[in-house]
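Student: Chains as they are written, first to last, in our numbering: chain A, 10 to 316; chain B, 10 to 316.
Do not rely on the hints blindly, as some may be mistaken.
Because identical chains share one entry, a pair is satisfied inside a single copy or across any pair of copies.
What the hints assert, rightly or not - With a straight-line cut-off of 27 Å between C-alpha atoms, the simulated DSS-like cross-links for lysine-lysine are:
1) K203 <-> K284
2) K123 <-> K42
3) K97 <-> K167
4) K42 <-> K132
Hints in this document: simulated from the structure, not taken from any laboratory.
Listed here are the chains, written in short residue letters.
Protein chains: 2
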Amino acid sequence: MINKLVEEIKKKQAPVVVGLDPMLDYIPAHITKKAFEEYGETLAGAAEAVWQFNKGLVDAVYDQVPAVKPQIAMYEQFGVEGLMAFQKTVQYCREKGLIVIGDIKRGDIGSTSKAYAVGHLGKVTVGSKTYAPFDEDFATVNPYLGSDGVKPFMDICKEEKKGIFVLVKTSNPSSGEFQDRLIGQEPLYEIVGKQVDAWGRELMGESYSYVGAVVGATYPEMGKVLRDLMPKAYILVPGYGAQGGKGKDLVHFFDKDGLGAIVNSSRGIIAAWQKDPYKDRFSPENYADAARAAVLDMKEDIANAVL
Amino acid sequence: MINKLVEEIKKKQAPVVVGLDPMLDYIPAHITKKAFEEYGETLAGAAEAVWQFNKGLVDAVYDQVPAVKPQIAMYEQFGVEGLMAFQKTVQYCREKGLIVIGDIKRGDIGSTSKAYAVGHLGKVTVGSKTYAPFDEDFATVNPYLGSDGVKPFMDICKEEKKGIFVLVKTSNPSSGEFQDRLIGQEPLYEIVGKQVDAWGRELMGESYSYVGAVVGATYPEMGKVLRDLMPKAYILVPGYGAQGGKGKDLVHFFDKDGLGAIVNSSRGIIAAWQKDPYKDRFSPENYADAARAAVLDMKEDIANAVL
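Looking at chain A on its own, in the form it has when it is part of the complex:
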């Protein structure tokens, strides 16, 4: 799947992933209205609105980007009904040829991490049958529990030719609270980064590993160091756009050939219709066109900075 990701990035000339993190506030009124008319102001109504919103977005951008990254929390907040919308979204994106990165940030001890890996990337056995419940292509993984928590994901990745992105240095303001603590001369995120490199070498694709890393666009200097420490890891870069990261901040996350990183934007794309410079050009009904315009602008911003 990492090989396919690289191929699609090249083909679409877009190291860009669209974060499908729908908040009800981002969804134009005509969509929520219709969903609530059909299902009431219920969890099922919210889930329907989320799904219809996503479908419109995906239809508008699928030919321009290699991947999407649904953030499962935004679905889980609506309970089981929300998770049905997550599942439907994953399936629809895959049908459209998009690579799906499940932003699930799971991580637990051995057998429990295995259950997450099976549920999200692999197949679960029920009697004589097997099922792929959520069936994302990649998942994000929290490393705090160490190798026990990550290896079960790697085992499933090996079987299924799928991949993970391990949290190394996250994009949020307080990520340094623990991640930047110095172990001798090295911050914790470098120790984690080295471990990602070691894990990754056990599971190589053609030029990059099935084990990638998450490093926030908001910390470009750290991105530079981590790029060197993890030469085989694809870096998933959140924090572009709404969180403050700019194209020029991204240069050091990439390798010289413009590969090695994929940049996520969520709000900046999916809620573009509510924001400058798009809100004057696009009506709420045309939210998906606004998202497409934001994707094209983001591609250009990154290409100017990186390629």
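On the provided structure of chain A, position chain B as indicated by the hints.
Tutor: Frame of chain A, contents of chain B only:
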């Protein structure tokens, strides 16, 4: 809710939580057979088997323990259907007067952590209505992203009078890989522990905080240090029983009055019918009685060591 937890621990004389982490292998054949006859060898069939298994366990132990801890991964592996069984289990346990600790180990950046907090502990707004999708009483939280990831849970806990247990030192063999790294003279888990103490002081119940900690029974010496560093934090102690922790290892997790910690056992209780010394005394049909016997033995083991 932390006050209620303390009260129930006293009333039932049991600092014990039953981990509802059902693997299909733990479920007696008569239950899976019936579920598969009704729903086929499907995800819905697996979920039904899990739910019926849980129901039997809960009915057999609810008068003996204050709390249960369903591990959501074991449900999530069966997709949406599995999560329905999780939801049903949470609801049933609450009806039986049990406190429910959702072992979800979530943790993300700001708005995303808020979505998890809302979905699991709080209420989500849909139009003019609100819903409590999963409605656990406590949730476990991963601290790797720092305060941004934890504070949204604390906000919801304050509103709802619910609580969290933050992962500090986990019970698994490789937990030391990052958690034991020395920052100056202090291991990372102590830094996290001090932060748990600081977070906790912002959200106090009567004698303990709404912010607790997870510290594995498998690391008793570290438990001793952490008990002192976080005097107001209730400690959720996994790793007893099947993972190797014994009653005598637990002494230092508790305060002098026998409060301050609650010990989880999962496999050791819910799969007792498959294990010595219970398997000769209980048939598969009596798996719930075996679980009850294991709970009583665990209570005695802990009481002998601690009280």
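Student: Between copies, within a copy, both or neither: which fits K203 and K284 at Cα up to 27 Å?
Tutor: Neither: 39 Å inside a chain and 41 Å across chains, both beyond 27 Å.
Student: Give the relationship of K123 and K42 under a CA distance limit of 27 Å: within one copy only, between copies only, both, or neither.
Tutor: Only across copies: K123 and K42 sit 25 Å apart there, 40 Å inside one copy, limit 27 Å.
Student: Go through the copies and call it for K97 and K167: within, between, both or neither, with a Cα cutoff of 27 Å.
Tutor: within (25 Å within a copy, 34 Å between copies)
Student: Under a CA distance limit of 27 Å, which applies to K42 and K132: within one copy, between copies, both, or neither?
Tutor: between (37 Å within a copy, 21 Å between copies)
Consistency with the previously given hints fails for number 1 only.
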